[in-house]
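Protein chains: 4
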Amino acid sequence: MVFKGVSHTADVYWDGCLLGRHYNAYTPFTFVLPEVEAGEHEIAVLVDNSFHEESALHIPNDYYSYGGIIRPAAVEEIADLFIERMAFTPLYTEVGWSGRIDVVLRNTSEERRNARLHGKLGEWDVPFAEGVIVPPDATRKVSVTVPFPQAAAWSASEPQLYPLEAQLFNDDGNRVLDDLIERVGFRTVSTEGGQLKVNGEPVVLKGFNRHEDHPLCGAAIPYPLMVHDMELMLDMGANAVRTSHYPNDERFLDLCDERGIFVWEENHARGFSLKDMQHPLFERQCEDCNREMVEAHINHPSIIIWAILNECASDTMEGREMYRKQFDQIRSMDTSRPLSFASHHRERELCFDLADIVSVNLYPLWYGEEDPYELCLQARKWADDAGGKDKPMIMSEFGADGFYGYRDPSRVKGTEERQADIIQANLEAYLPLPFLSGMLIWQFCDCRVTEADGWLLTRAGTQNSKGVVDRYRRPKLAYSVVKDYFSRRNADS
Amino acid sequence: MVFKGVSHTADVYWDGCLLGRHYNAYTPFTFVLPEVEAGEHEIAVLVDNSFHEESALHIPNDYYSYGGIIRPAAVEEIADLFIERMAFTPLYTEVGWSGRIDVVLRNTSEERRNARLHGKLGEWDVPFAEGVIVPPDATRKVSVTVPFPQAAAWSASEPQLYPLEAQLFNDDGNRVLDDLIERVGFRTVSTEGGQLKVNGEPVVLKGFNRHEDHPLCGAAIPYPLMVHDMELMLDMGANAVRTSHYPNDERFLDLCDERGIFVWEENHARGFSLKDMQHPLFERQCEDCNREMVEAHINHPSIIIWAILNECASDTMEGREMYRKQFDQIRSMDTSRPLSFASHHRERELCFDLADIVSVNLYPLWYGEEDPYELCLQARKWADDAGGKDKPMIMSEFGADGFYGYRDPSRVKGTEERQADIIQANLEAYLPLPFLSGMLIWQFCDCRVTEADGWLLTRAGTQNSKGVVDRYRRPKLAYSVVKDYFSRRNADS
Amino acid sequence: MVFKGVSHTADVYWDGCLLGRHYNAYTPFTFVLPEVEAGEHEIAVLVDNSFHEESALHIPNDYYSYGGIIRPAAVEEIADLFIERMAFTPLYTEVGWSGRIDVVLRNTSEERRNARLHGKLGEWDVPFAEGVIVPPDATRKVSVTVPFPQAAAWSASEPQLYPLEAQLFNDDGNRVLDDLIERVGFRTVSTEGGQLKVNGEPVVLKGFNRHEDHPLCGAAIPYPLMVHDMELMLDMGANAVRTSHYPNDERFLDLCDERGIFVWEENHARGFSLKDMQHPLFERQCEDCNREMVEAHINHPSIIIWAILNECASDTMEGREMYRKQFDQIRSMDTSRPLSFASHHRERELCFDLADIVSVNLYPLWYGEEDPYELCLQARKWADDAGGKDKPMIMSEFGADGFYGYRDPSRVKGTEERQADIIQANLEAYLPLPFLSGMLIWQFCDCRVTEADGWLLTRAGTQNSKGVVDRYRRPKLAYSVVKDYFSRRNADS
Amino acid sequence: MVFKGVSHTADVYWDGCLLGRHYNAYTPFTFVLPEVEAGEHEIAVLVDNSFHEESALHIPNDYYSYGGIIRPAAVEEIADLFIERMAFTPLYTEVGWSGRIDVVLRNTSEERRNARLHGKLGEWDVPFAEGVIVPPDATRKVSVTVPFPQAAAWSASEPQLYPLEAQLFNDDGNRVLDDLIERVGFRTVSTEGGQLKVNGEPVVLKGFNRHEDHPLCGAAIPYPLMVHDMELMLDMGANAVRTSHYPNDERFLDLCDERGIFVWEENHARGFSLKDMQHPLFERQCEDCNREMVEAHINHPSIIIWAILNECASDTMEGREMYRKQFDQIRSMDTSRPLSFASHHRERELCFDLADIVSVNLYPLWYGEEDPYELCLQARKWADDAGGKDKPMIMSEFGADGFYGYRDPSRVKGTEERQADIIQANLEAYLPLPFLSGMLIWQFCDCRVTEADGWLLTRAGTQNSKGVVDRYRRPKLAYSVVKDYFSRRNADS
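Protein chains in written order, with the working numbering: chain E, 8 to 500; chain Z, 8 to 500; chain L, 8 to 500; chain U, 8 to 500.
Chain E extracted, bound-state conformation (with noise of 0.2 Å):
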């Protein structure tokens, strides 16, 4: 029994009995029931968006937690032997391109089991260790690392990818036990020399943070709607996406791999002041967090970038204690991807040293009359001076409120005009400096927040408004904006 997404804290029952809680909207989790008979059973999930307060990453924010099962579920018949997930690593050599392959194997019988691997990259073989053994009531990885010579590599202009399959035999080899396929692409991600490399090319990101968010389906996209965001974004010339401030629906990583979107991925935990990072749950949830979501996600090549603790205490000893834990928990799943989290902390910043990306929360022009060019150039300053000297830099965010539908010729702040004039400027300002790697706009959609008072009262109508479209998708007047500066720079390059 697989969730991919319940919102937030999710007690899930079989037959009235309680399975377990899992906590966090963002990141799926699995029951596996042994023995189950068949007949007509009842599933039953208590899902609660309170903010209670053993939720320490749901809080009041700046977007909305919803409530219920916002993502698909499903149920599956195993085998009390089968595969719990396989992680794909592409590698680049002299000789080409191979990629390493993790198989979980798990064994909830309460004897040892013998099993054979049969693996299948698109139509190569993949050479799996002869026999493996799973102890009673355990797990067991089975790694090997292939060449694929022919592979061609996964790019945003040719994003190939490939079925990499594994069927699990039993011992003699004439019965299915389970089968597992998951879609992999072969890319390098590295950060030499200042720049964001992709396959040893440099990037640019150009694209936006988005939020998953529906005035008719709140964080329950469906698949048709998460096209419709993708094929704007590809309008307007975009090449990346951030998942601000949480790990997706996997459903929309596909769409990214398949067309050649650059993903920055991001655990949950947005704006949170240091007394919030020391609720007792805080570490634990961060850490349950990072796992599922790496685990989860970690064969989509779309994805160059994990990031965690957006605009958190990272300007403090005990917040910079905190990041690096968590960055070497990524560090210890996924060693193929460059780490960053997005500040806003100016020179007051303490943990640039620890990322491998440089990143930057600023918005000249909104919320001070700061030139953008200007201050770019002083938060690489700040960047150099705080250990993020020789990396590569991402302005992660920036913009302005729009509200759809209210233009004025006075221009004010909040007309659909000032919006696109500070965007503009932003663009004008970000898209020559050569020491940027990307710049993403805050936002895509416009999207619902919690409401409440204090300065959330800044989100007119309980809304975020920085949207280059609103919560319906109608395009503002910084659409065009965007387009224009997106789609020239692609077409110079």
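Please note that the accuracy of each hint is not assured.
Only pairs whose alpha carbons sit at most 20 Å apart, straight line, appear in this in silico DMTMM-like list of lysine to aspartate or glutamate [claimed, not checked]:
id : chain 1 : residue 1 : chain 2 : residue 2
1  : E       : LYS490    : U       : ASP415
2  : U       : LYS282    : U       : GLU294
3  : L       : LYS490    : Z       : ASP415
4  : E       : LYS204    : E       : ASP341
5  : Z       : LYS127    : U       : GLU294
6  : U       : LYS490    : E       : ASP415
7  : Z       : LYS490    : L       : ASP415
8  : E       : LYS490    : U       : GLU424
9  : E       : LYS127    : L       : GLU47
10 : E       : LYS490    : E       : ASP477
11 : U       : LYS490    : E       : GLU424
12 : U       : LYS127    : Z       : GLU424
13 : Z       : LYS490    : L       : GLU424
14 : L       : LYS127    : E       : GLU47
15 : E       : LYS204    : E       : ASP477
16 : L       : LYS490    : Z       : GLU424
These aren't lab readings, by the way, just hints derived from the structure by calculation.
On a predicted model such as this, the values are computed, not experimentally measured, just so you know.
Starting from the structure of chain E, add chains Z, L and U where the hints point.
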């Protein structure tokens, strides 16, 4: 030469020669030019609406300081002895109505002048003293108290007005030197027994805070649009308006006189911190404003409250001293109206003892989740404890954002639905409370605000969107709620 | 290979070879491919939504003919003998429920085939005749009528559904060749005594005409948005929907089955002049549409009316002949449901005698100033005089434009206020009328229309704006009016 | 007593006694009351804006006939001999500017009166004949033609205006009986060589049709809002306005005089069928309208075209006769301006020979899919063939609906995008055409229309939505397109 309002710093030139400077958009000023030659002359007005350092009252704020000549201007030819102004104060005793009439004459010549003053109020003669002597280059006040036993009272339901005419004759009485017609009414205002009384009858103010603002005209509202505003307020059943946060165009006050709308007029100072109040020019600019306001508008019977310094530092001892001085100043000019000021300091307020009416600005259900009824009871206690005991109390501001056209079944903050809900909850709470003498919704119409960052970003679209109608005067959903409550109460009482 | 809907002309290719063409966006079609080899194949669908000359039913119209594959498509592997379809017809007699089950088998091979058919309805066996012989390259219908004395009726309040499963075995009964599961319900529909009755009880349809239209998805509404539509209709208290003006997506019909919503399903032909009806392909394309509609949807208990030819030339003798033929065609396929058509011909209507239910589209207060109550009485008389006497009557369309967001105290036509007024006046008139068996508001949601000049310019913004919700499903002011009337009536009855 | 405009039927009472009735909202009228006694009097105006049977010109139409006193009214005290009106006609010959001045005196007494007339134009004397004799109860016209060799011409770029003052003295010249000041300018208008010329220079009118309409004020636009309209038009680079479809408020004409905007003023009759024109009062009401229009507005130099009968039955011989008569009537009053009318009859037009300028209303790309360029060439041919050869031609109307706030990437009809596209295509086509002397966009601002069914249902929301700004004067997307085209052309020429 008279200017009813120039926003906000005016340098007036006559044929290139500076006549003088006037500061403050919302009060009238005059220049007397001696011995003007016939022919063509140039009057130039240099207007500055920047927030320059000599501007203590116009600062970035929750309304917009438009630039320009925002109210009528006129040039009159006068003799060198003329009537500068005339004030009427109605009085009521056991024998009925009488009125004190104060006429200020001004002699701009260098010779002593003798003159005669004739007066008329409606059809009744006003017997001034026979001859008046005005010294050279001086003013002279002529006062008389006259019984008008047949006068009908001005009231909300029967707003009877009378022309009060003074004619100034030369010494032998056969040449008219000047005349002046004011329009006056007979009514008393008092605050006995914890109630606000007009003509001895308790009244409860039900109405709006109103800014002079229109998308096409700025603060220079054409008269037909003033009438339209008045008709919308009457349609909703309002009986009162607060000229937040400055003295209003006299034509609007005329409308209030004619339609029987009670007016709370206040000087121009909103939301000043102690630091703002310590601006070296603050005290003098307030003093000017108070004087110009009272002198210009004293004859409007509709004005039943003078107020000062909305939401300023009345919670500090330094601030208190300034409140005291300003109240003293106004009382020295007019003792016929109670004084008040609107406070948001809750239990920290220090000035309730100085005012005749206790007024509080609270926004239950908007800035916090407090219950309006409970909060109002609490506010009464705060007031009682702070020197406001036995004084009438007015809810001088309450309300909520509502963006015209933003309706959503979620009823989140910012929707028209939620605004209607919040206003309804407030009115529902306040109408039955016997100690309340007024409830003034914030606000009649949306208004433009200063564009800035900081707290003004809670004013989405560079507007204060708490209007019951939008800037174009389109009724939001709250309109019919207000109409229902204000009219019902009218029907009941 | 089955296509549930391709809009509107589909040429389907298999590995580059044309399998066939299907015309009409709103009905399903299949291709059976014999002897497909394992491996990769290409299915190409060339879709044309132009108003080409072979298109008699899709013409410029008051809705939009989107281009594309608008409904699900599937490929199934089947044997050469398979179950083509299965129809269930519930019957009620003194001894309770029974049902006739018609199974159509198809043999695509060139040999005679023997087989066995097993059936089950819920937990009850369906005893088909022992063996079935299907001649080569032919179909064979197997019918059986079975008592289900324990079956619970399907009703609006208790929409009980049962799975009806047929399994096809080979001759010796030990190999399953094919199976088919339909979901069915037990209910009768009749029109005795001038009333529309379901299970013998009179019902009054209160609901909407609905177009399949969404700004982001066109006619390809994702299932979650269908559910959302359904919930909005239920929230308003509706109990019925008319699939104007074409057969609907079966998933929406499934929702109606599940939620107990009565459905008027109609074929695809709207507003055709006699000339339009004389298009050489009109008759055949209608015939196809009728057949595909009835065959595909016959098992939906929610469908209680089949209808044809909305607002076509039923006021001419030539038109009448076509109405007659189409009614005959449908009756030949299904006698368990009454038939109707929506007429706007008033006293000129010629076909009321052919239908079981008299249905009229009138727009009092919109297209004219007639009083809804008087007009409805008049319509009853027209119907009585034209052969409709003693037949139930349905107001199949009424309504008014209302542009979302356009509110104005003037309440002129086009404002949300006026739309609410008009719908209220209509409902107020119709609800008490004893001879009415239904009232269907035009329409549920706004929909895009063909862009053109001429009469389509009355469709401002290239939309039909008579929806109670707009295209984004935002409730207009009429929403709460409808809710009030539909729910009140529910509470009363 | 003068009324500048009462909409649309006014019965004026003086102390309860009917002075007379005036019909037509858009022309001024006066009453002269002899021997009024000092004291208080009541003037009552009973206004009727219903479409009553004696109303031939105000009928349900594509604009709204607001009810009320829509323009200023005044009461003047005059002697029984007074100046009724004064007309100025500029003339240009080889020796420079001169002007004919016609003064109409009226004697309301029963005695013959002698008087003297003095005149002044700017600083120059106007030498009227020495003494004037006006018979009892009669009028007398005094004319003089005077050279003004030093006068500067009025032009679009230098709109020089002069005050023209007449003073009426009593017989011995020592008492002023009356005076009148008109403001005039020197310019000629001609139509030689197929071109419209002002002061001998060809001009191309680029501007708007404009209705006097505002959501809050109806047709009674306050002066500041007129100024605002003017500034929007100037901002877009317009040099012309057509007062469709009636004579305008003289204050707006004053603005045109001052800002150098060319005016096409037309009488009040829009879209009349032959049947409408055969209304028994039609002819007389038109005649009144024409006379009042020309007499009242003859002194505005900005008016360079008089026009009549927009889109009426000029395609019939009966209609032609009426066009002929009305042109004759206007020519009998003023020969200094060319005449025109706007036709939509294409090749069926019969009256082009009667006019000085050929004007056509066509809406390519809106009411049909014709190419604007081709259609305009075609229209030229139609005109040439129908008697319009060698006459200047004006595209007097073209445009498209655009609903403010309705933007959609589909660019369907009704979106702001499509409106902008269509206007752009029209301007692109017309600007290079050498035979065009003008292009007047339909229309400046949206306007309310008569609420009705029938063709008026193409006016969604009971508005004509073809404005480049909406009723609130908010710019639609077309605004910047127009600005671009009108300004570019200005820059080029």
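For each hint given before, does the structure comply? Return the numbers of the non-compliant ones in rising order.
Numbers 5, 12, 15 - these are the hints that the structure violates, sorted from lowest upward.
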